[in-house]
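Please build the complex by placing chain B on the supplied structure of chain A, with the hints as guidance.
One line per chain: the protein sequences are A and B, in this order.
Just so you know, we're using my numbering here: the first sequence kicks off at 9 and counts up by one.
Just so you know, we're using my numbering here: the second sequence kicks off at 9 and counts up by one.
A couple of the hints might just be wrong.
A pair counts as met if it fits within one copy or between any two copies, since identical chains are not told apart.
When the alpha-carbon atoms are kept at most 25 Å apart in a straight line, the in silico PhoX-like pairs for lysine-lysine are as follows [as the list claims (entries may be wrong)]:
id: 1; residue 1: Lys206; residue 2: Lys167
id: 2; residue 1: Lys202; residue 2: Lys167
id: 3; residue 1: Lys123; residue 2: Lys211
id: 4; residue 1: Lys123; residue 2: Lys206
id: 5; residue 1: Lys11; residue 2: Lys56
id: 6; residue 1: Lys202; residue 2: Lys246
id: 7; residue 1: Lys108; residue 2: Lys206
id: 8; residue 1: Lys167; residue 2: Lys246
id: 9; residue 1: Lys56; residue 2: Lys246
id: 10; residue 1: Lys16; residue 2: Lys64
id: 11; residue 1: Lys16; residue 2: Lys108
id: 12; residue 1: Lys202; residue 2: Lys123
id: 13; residue 1: Lys123; residue 2: Lys16
id: 14; residue 1: Lys123; residue 2: Lys246
It is worth saying that the hints were derived from the structure and are not from the lab.
There are 2 protein chains.
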Amino acid sequence: MVKNSIQKLSIVGLGNVGSHLFDAFAQENIEITHVVTRSEPSQRVRAKSEWIQDPKDLPSGQLVIICVPDDLIASIIAEIPVDCPIAYTSGSVSLSNLPKRDELGVFYPLQTFTKDSPINIFEVPFFIEARSTDFASKLFDLAWVISRNVNYASSADRKKMHLAAVFINNFTNHLAHISKQYLDGEDLDFNHLKPLLKETARKLESQDPISIQTGPARRNDQEIIQEQIDALENPIQKELYRLFSKSIHQTYFND
Amino acid sequence: MVKNSIQKLSIVGLGNVGSHLFDAFAQENIEITHVVTRSEPSQRVRAKSEWIQDPKDLPSGQLVIICVPDDLIASIIAEIPVDCPIAYTSGSVSLSNLPKRDELGVFYPLQTFTKDSPINIFEVPFFIEARSTDFASKLFDLAWVISRNVNYASSADRKKMHLAAVFINNFTNHLAHISKQYLDGEDLDFNHLKPLLKETARKLESQDPISIQTGPARRNDQEIIQEQIDALENPIQKELYRLFSKSIHQTYFND
Numbered sequence: 009m010v011k012n013s014i015q016k017l018s019i020v021g022l023g024n025v026g027s028h029l030f031d032a033f034a035q036e037n038i039e040i041t042h043v044v045t046r047s048e049p050s051q052r053v054r055a056k057s058e059w060i061q062d063p064k065d066l067p068s069g070q071l072v073i074i075c076v077p078d079d080l081i082a083s084i085i086a087e088i089p090v091d092c093p094i095a096y097t098s099g100s101v102s103l104s105n106l107p108k109r110d111e112l113g114v115f116y117p118l119q120t121f122t123k124d125s126p127i128n129i130f131e132v133p134f135f136i137e138a139r140s141t142d143f144a145s146k147l148f149d150l151a152w153v154i155s156r157n158v159n160y161a162s163s164a165d166r167k168k169m170h171l172a173a174v175f176i177n178n179f180t181n182h183l184a185h186i187s188k189q190y191l192d193g194e195d196l197d198f199n200h201l202k203p204l205l206k207e208t209a210r211k212l213e214s215q216d217p218i219s220i221q222t223g224p225a226r227r228n229d230q231e232i233i234q235e236q237i238d239a240l241e242n243p244i245q246k247e248l249y250r251l252f253s254k255s256i257h258q259t260y261f262n263d
Numbered sequence: 009m010v011k012n013s014i015q016k017l018s019i020v021g022l023g024n025v026g027s028h029l030f031d032a033f034a035q036e037n038i039e040i041t042h043v044v045t046r047s048e049p050s051q052r053v054r055a056k057s058e059w060i061q062d063p064k065d066l067p068s069g070q071l072v073i074i075c076v077p078d079d080l081i082a083s084i085i086a087e088i089p090v091d092c093p094i095a096y097t098s099g100s101v102s103l104s105n106l107p108k109r110d111e112l113g114v115f116y117p118l119q120t121f122t123k124d125s126p127i128n129i130f131e132v133p134f135f136i137e138a139r140s141t142d143f144a145s146k147l148f149d150l151a152w153v154i155s156r157n158v159n160y161a162s163s164a165d166r167k168k169m170h171l172a173a174v175f176i177n178n179f180t181n182h183l184a185h186i187s188k189q190y191l192d193g194e195d196l197d198f199n200h201l202k203p204l205l206k207e208t209a210r211k212l213e214s215q216d217p218i219s220i221q222t223g224p225a226r227r228n229d230q231e232i233i234q235e236q237i238d239a240l241e242n243p244i245q246k247e248l249y250r251l252f253s254k255s256i257h258q259t260y261f262n263d
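Pulled out of the complex, with its shape left as it was, chain A reads as follows:
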């Protein structure tokens, strides 16, 4: 049984990530003493935490978890009392690019969060990093309270995981948008695609994508490929189709 030494903390930013961490900690009886947000948080949050707007007012000596966009992290750190340990949740910001602090670390959940969409946080992989082994270990134990998938990772490895996540999540989601927009424009129902989308994801949980690839590009069916490119109107989508076909061809026909 891991012993977690952090029983109180504050959170800066209650967007998609911050609000899910808030709920996860609250659920496990970790006290969130303060939340820092520009606009007033919900009644639910205010019932459990004190709302402040200025990071300078955070209690000294107590952990602060920063859940703000990447380009705001450095400036927020500068405003937090110097004796507060700090962790931030970004996938891409290197520890070495931030101002030196006694205790500064990373608490990165590799998942896509939407504010009002519940998630099983116990399955979410967390990646921990800090300059001191001692602080890294404390953050590890804290993550272990809310997840059973906690790992140490260097900034370099965390960036690599984030890049892969962009392909799996951001680009996949955009492919779904392109499909939906195309079918909407043709007065066809995107719902017909949902069983396929579900099956695509289900297969990927247990099978290697390289072995289950199907479709015109996998068969090198140039006639269908050209027909489908011609059917698209948006030049960027035509080019995406062309590139995917080229990339699939390269994968299976070694050219």
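Just chain B now, kept in the frame of chain A:
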């Protein structure tokens, strides 16, 4: 209750689609009298059907479902006795591009099938088309025996659904391959991405992809975008990343 008039049929081709249809019909006590395949089918199939290698030997007057690659459909049709009604399972081949027959139709399941991976065929959307209303209606009723999602669709609409399916399935799967290949090459574990992949698909079942897009391109974070492009080695993958970012930018920033 729909009355299905087709109680016996034959199947040409037992690949990913044919083998799933075989099992689905067998399950519902539709008799598959003959299967036509080049190599010997499994004992399981031979216990229920007669194996033949030449389509000329198919019983006359009885429905044949053709489950072969698109470019072989026309030549197989030419070999089947002229009084056999025929349906084929392709998403892309137009009815009007095939040789005229008395009864020729389409029986297209919009799903990705893998031979040994079970699937809930009751949820799979089927798209039916035929030159005669009467034959279309018979194929509709036959599809209804194995699925509760059966629709009529013209060749043009079927092609559009197939194009959208290529984005949702083929390209999504290839994105997963790119992620996995990249992480494998960096000695990182693709399994860490699986909860994210699962959540991405779960969200898309109930939410509009346009409203849940996240990531560097959605935030127009040019620094991270450039860093991630630089981290990729394969030129096609770099270009895919660039194009996705451009397409996402176009979607959200109207340029």
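Okay, the hints, checked on the actual structure:
Taking the shortest alpha-carbon separations for Lys206 and Lys167, only the inter-copy value of 21 Å comes in at or below 25 Å, while the best intra-copy value is 28 Å. Proximity of Lys202 to Lys167 under the C-alpha cut-off of 25 Å is restricted to the inter-copy arrangement: shortest distance 17 Å between copies versus 31 Å within a copy. Taking the shortest Cα distances, Lys123 and Lys211 sit within 25 Å of each other only across copies (12 Å), while inside one copy they are farther apart (27 Å). In this homomeric assembly, Lys123 and Lys206 come within 25 Å of each other (Cα to Cα) both inside a single copy, at 22 Å, and across copies, at 17 Å.
In this homomeric assembly, Lys11 and Lys56 come within 25 Å of each other (Cα to Cα) only inside a single copy, at 24 Å, whereas the closest approach across copies is 61 Å. In the homo-oligomer, the alpha carbons of Lys202 and Lys246 lie at most 25 Å apart inside one protomer (23 Å), although the nearest pairing across protomers, at 29 Å, exceeds that limit. Taking CA atoms no more than 25 Å apart as the test, Lys108 paired with Lys206 passes in neither setting, with 45 Å inside one copy and 37 Å between copies. In this assembly of identical chains, Lys167 and Lys246 lie within 25 Å of each other by CA distance solely across copies; the values are 16 Å between and 30 Å within a copy.
Taking the closest pair of Cα atoms, Lys56 and Lys246 never come within 25 Å of each other, the shortest separation being 51 Å inside a single copy and 46 Å across copies. Proximity of Lys16 to Lys64 under the C-alpha cut-off of 25 Å is restricted to the intra-copy arrangement: shortest distance 18 Å within a copy versus 78 Å between copies. For a Cα distance limit of 25 Å, the shortest separation of Lys16 from Lys108 inside one copy, 23 Å, qualifies, whereas the shortest one across copies, 76 Å, does not. With identical chains, the CA atoms of Lys202 and Lys123 are at most 25 Å apart both within one copy (23 Å) and between copies (21 Å).
When the C-alpha separation of Lys123 and Lys16 is checked against a cutoff of 25 Å, the pair qualifies only within one copy, where the shortest distance is 23 Å, while the shortest distance between copies is 53 Å. For the homomeric pair Lys123 and Lys246, neither the shortest alpha-carbon distance inside one copy (34 Å) nor that between copies (31 Å) is at most 25 Å.
In summary, the structure is inconsistent with hints 7, 9, 14 from the numbered list given earlier, while agreeing with the others.
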